[in-house]
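Protein chains in written order, with the numbering used here: chain F, 4 to 232; chain X, 12 to 261.
Simulated from the structure, these hints should not be mistaken for lab results. Glycine included, C-beta positions come from ideal geometry on N, C-alpha and C. One or more of the hints may lead you astray.
Taking lysine-lysine and the DSSO-like style, the derived pairs with C-alpha atoms no more than 30 angstroms apart in a straight line are [claimed, not checked]:
no. : chain 1 : residue 1 : chain 2 : residue 2
1   : F       : K128      : X       : K37
2   : X       : K151      : F       : K128
3   : X       : K151      : F       : K17
4   : F       : K231      : X       : K151
5   : F       : K128      : X       : K237
Some residues of chain F that are not near chain X, with every Cβ distance over 10 angstroms (derived) [as the list claims (entries may be wrong)]:
no. : residue
6   : E117
7   : E127
8   : I211
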Amino acid sequence: MSFDIALIIESVPKMLVGVGITLQLLFLSTLFGTLLAIVTLLMRIGPFRWLRWPAIAYIYFFRGTPMLVQIFVIYYGLAQFEFVRDSFLWPALRVPFWCAIIAFSLNVGAYTAEILRGAVQGVEKGLLEAGSALGLTARQRFIHITTPIAVRLSLPAYGNEIISLMKSTALASTITIFDTMGVARTIMAQTFKPYEVFISAAIIYLVIVWFIQMGIALAERRFGRYMKR
Amino acid sequence: MAQTEQDPIIRLKNVDKFFGDFQALKKVNLEVFKGQKVVVCGPSGSGKSTMIRCINRLESHDGGRILVNGIELNDSLRNIDAVRSEVGMVFQQFNLFPHLTAVGNLMLAPRLVRKKSKAEAREIAMRYLERVHIPEQADKYPVQLSGGQQQRVAIARALCMNPEIMLFDEPTSALDPEMIHEVLDVMVELANEGMTMICVTHEMGFARSVADLTVFMDAGEIVEAKPPQEFFENPEHERTRLFLSQILSH
């Protein structure tokens, strides 16, 4: 079997465009998903019982169904409802890119909300008692004690989640998006050289993951200075 | 409510506390006057910690009344805040905020609760770190300090709020033996300055030399409350004698 290096070099420019789309999907979904996770967390652990159930239902649905199904439901499914086509959301929902962003964000939001909940609950109760004894209000305790400690506690799992999302962005190629995977599939269809093409794609993903890992490690060090003896 | 010199600064009247079906406090009565030092001892599970945790409302009592400086502890958040701002607490496990340096731990409440500026809060913090003899550790994180140093930071943190009353919940029980005295020294100094103190502790030497009143609790009740002299020499109740023989026999 021969390995067609020329093909790989030839495809680099096209692939780079795809990498750009992958990174956009990754960045925007991480951003929106994390914001969504914070809102969901506050609903989930906040004082209002009636806000808890929507949060729990949301988490259950998006953790409990395959991401591919979610993408298809949003991209193919919603379009058949007239009120969706008439709504202000239609300009976004008719564009595959934004459908993917919506699906990924909702997914990241659900998982990250649970990661954050675990971290918040992992903050030692005694620290909050010390805060109470000093006269801090519940809000001050949450902002100044729980949050900084929970952020540090959540980082390893959150890093995992971002890496997992990065790989899931390849699913966007199923709804006509030319991300890294989408471009790779096109080149493969034109050249019938799956080995070269998909190995290149794999290497690209590995490089991106390497940067994410670096970022997370940096953040762990930055937020975990206080753990060093 | 008018507060006179003769009124006790802390008054517990028939206080009950339940954890589910378990009654942790049974009709507890206690009066502490300004400047008094009270040592509370008793076997584990006897309700000592629960009692002092009720005094700053870390636990809510289910029956009876608790008044601190004339303020009744009930569901009123304003009353709870008022009491907490006058009562400092030191915990067995130190409970220092791990993400803040020693001086950061001390500055947090003055800044947030007393609304001091950063510079003012730092000045207050350094003053109290000097009082517990560790100003040089100001910029270290709790994990970088020894147990004894951590507990002294915790005492200083409570003092920064300028409390009238200090509660100590087994402050030396989590410490290695060689560090106990440095914490007790700080507590003795505090007592000599006239602080009103309630200490749950098994340090009977401390009780003998500092306490005005020694309280023995068992099974949620105050069995005996006497000046230490009488308490150690002439305990009235069998349960007290048994307990003392157990902790003093070594």
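Quick rundown of the hints versus the structure:
{"no.": "1", "hint": "K128(F) with K37(X)", "in the structure": "holds (26 angstroms)"}
{"no.": "2", "hint": "K151(X) with K128(F)", "in the structure": "holds (23 angstroms)"}
{"no.": "3", "hint": "K151(X) with K17(F)", "in the structure": "violated (53 angstroms)"}
{"no.": "4", "hint": "K231(F) with K151(X)", "in the structure": "holds (10 angstroms)"}
{"no.": "5", "hint": "K128(F) with K237(X)", "in the structure": "violated (34 angstroms)"}
{"no.": "6", "hint": "E117", "in the structure": "holds (23 angstroms)"}
{"no.": "7", "hint": "E127", "in the structure": "violated (8 angstroms)"}
{"no.": "8", "hint": "I211", "in the structure": "holds (31 angstroms)"}
Checked against the numbered hints listed earlier, the structure breaks hints 3, 5, 7; every other hint is satisfied.
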